[in-house]
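These are the residues of each chain, in order.
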Amino acid sequence: RKEVEQDPGPFNVPEGATVAFNCTYSNSASQSFFWYRQDCRKEPKLLMSVYSSGNEDGRFTAQLNRASQYISLLIRDSKLSDSATYLCVVGGKLIFGQGTELSVKP
Amino acid sequence: GAVVSQHPSRVICKSGTSVKIECRSLDFQATTMFWYRQFPKQSLMLMATSNEGSKATYEQGVEKDKFLINHASLTLSTLTVTSAHPEDSSFYICSAQGVNEKLFFGSGTQLSVL
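One line per chain: the protein sequences are A and B, in this order. Just so you know, we're using our numbering here: the first sequence kicks off at 1272 and counts up by one. Just so you know, we're using our numbering here: the second sequence kicks off at 21 and counts up by one.
The hints are simulated quantities; they were obtained by calculation from the structure and are not laboratory data. Watch out, some of these pointers could steer you wrong.
Beyond 12 Å from chain A on every Cβ pair, some chain B residues (computed) [unchecked claim]:
1. SER35
2. VAL39
3. ASP47
4. GLN58
5. GLU72
6. LYS75
7. LEU94
8. CYS114
9. GLU121
10. GLY126
Mimicking DSBU-like on lysine-lysine, the simulated pairs with C-alpha atoms at most 35 Å apart in a straight line are [what the hints assert, rightly or not]:
11. LYS1350(A) - LYS86(B)
12. LYS84(B) - LYS1350(A)
13. LYS1273(A) - LYS40(B)
14. LYS84(B) - LYS1273(A)
15. LYS1350(A) - LYS40(B)
16. LYS86(B) - LYS1376(A)
17. LYS1273(A) - LYS61(B)
18. LYS61(B) - LYS1316(A)
19. LYS1316(A) - LYS34(B)
20. LYS34(B) - LYS1350(A)
21. LYS1376(A) - LYS1273(A)
22. LYS1376(A) - LYS61(B)
23. LYS122(B) - LYS1316(A)
24. LYS1376(A) - LYS1316(A)
25. LYS122(B) - LYS1313(A)
26. LYS1316(A) - LYS84(B)
The structure displayed is predicted, hence computed values, not measured ones. Cβ atoms here follow ideal geometry from the backbone N, Cα and C, with glycine treated the same way.
Start from the sequences, fold in the hints, and give me the full structure.
The structure is reproduced here in structure tokens:
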């Protein structure tokens, strides 16, 4: 089993749709979790940290389920500009998932 | 926010030459920096962890003599690809670890070995 595994993509959704990504991790001792966004041939940028209680930032909601060892990212009211690859990252060695590609169409 | 500068952004070189990539944290001190490689349509693969003042820790399968890492100061880490070959062509990205384990990335270096 991979240390960090994400939903296979790509996700093709219309503007305004709600889309959710999941990411499972194998190390139950992991303490820190992040979602990053990467545009084509660019560096990843931190989207949000994932806290135990769940957290929301505008249209983005991140949740952690320790019992099932997964984190999720929910994007509401998708915009064209949300098209990117979303990477989940699990600490302490900060292992990256393989990324889920999102394409939002008009 | 924290800024990490990486250069060069693009390198084209002949097979057999060595290429040095620099990664600098501009407004914070980073005791730990990471080097990744990314092939097209694939995720970032951690190559090595660079710790200031000590030897880098390489991931399994990464040749330490091929990919030389130097982290001589709290703001600079370098990756040297020695005797580069076409199979080393890839996108190399560095990151520096800030507070709360957040990673701040350089803008990446696209290496093309002819």
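Evaluated hints:
no.	hint	in the structure
1	SER35	holds (23 Å)
2	VAL39	holds (18 Å)
3	ASP47	holds (16 Å)
4	GLN58	violated (9 Å)
5	GLU72	holds (17 Å)
6	LYS75	holds (17 Å)
7	LEU94	holds (19 Å)
8	CYS114	violated (9 Å)
9	GLU121	violated (5 Å)
10	GLY126	violated (6 Å)
11	LYS1350(A) - LYS86(B)	violated (43 Å)
12	LYS84(B) - LYS1350(A)	violated (43 Å)
13	LYS1273(A) - LYS40(B)	holds (31 Å)
14	LYS84(B) - LYS1273(A)	holds (24 Å)
15	LYS1350(A) - LYS40(B)	violated (39 Å)
16	LYS86(B) - LYS1376(A)	violated (43 Å)
17	LYS1273(A) - LYS61(B)	holds (18 Å)
18	LYS61(B) - LYS1316(A)	holds (17 Å)
19	LYS1316(A) - LYS34(B)	holds (32 Å)
20	LYS34(B) - LYS1350(A)	violated (42 Å)
21	LYS1376(A) - LYS1273(A)	holds (31 Å)
22	LYS1376(A) - LYS61(B)	holds (20 Å)
23	LYS122(B) - LYS1316(A)	holds (10 Å)
24	LYS1376(A) - LYS1316(A)	holds (22 Å)
25	LYS122(B) - LYS1313(A)	holds (18 Å)
26	LYS1316(A) - LYS84(B)	holds (28 Å)
Hint check: violations occur at hints 4, 8, 9, 10, 11, 12, 15, 16, 20; the rest are consistent with the structure.
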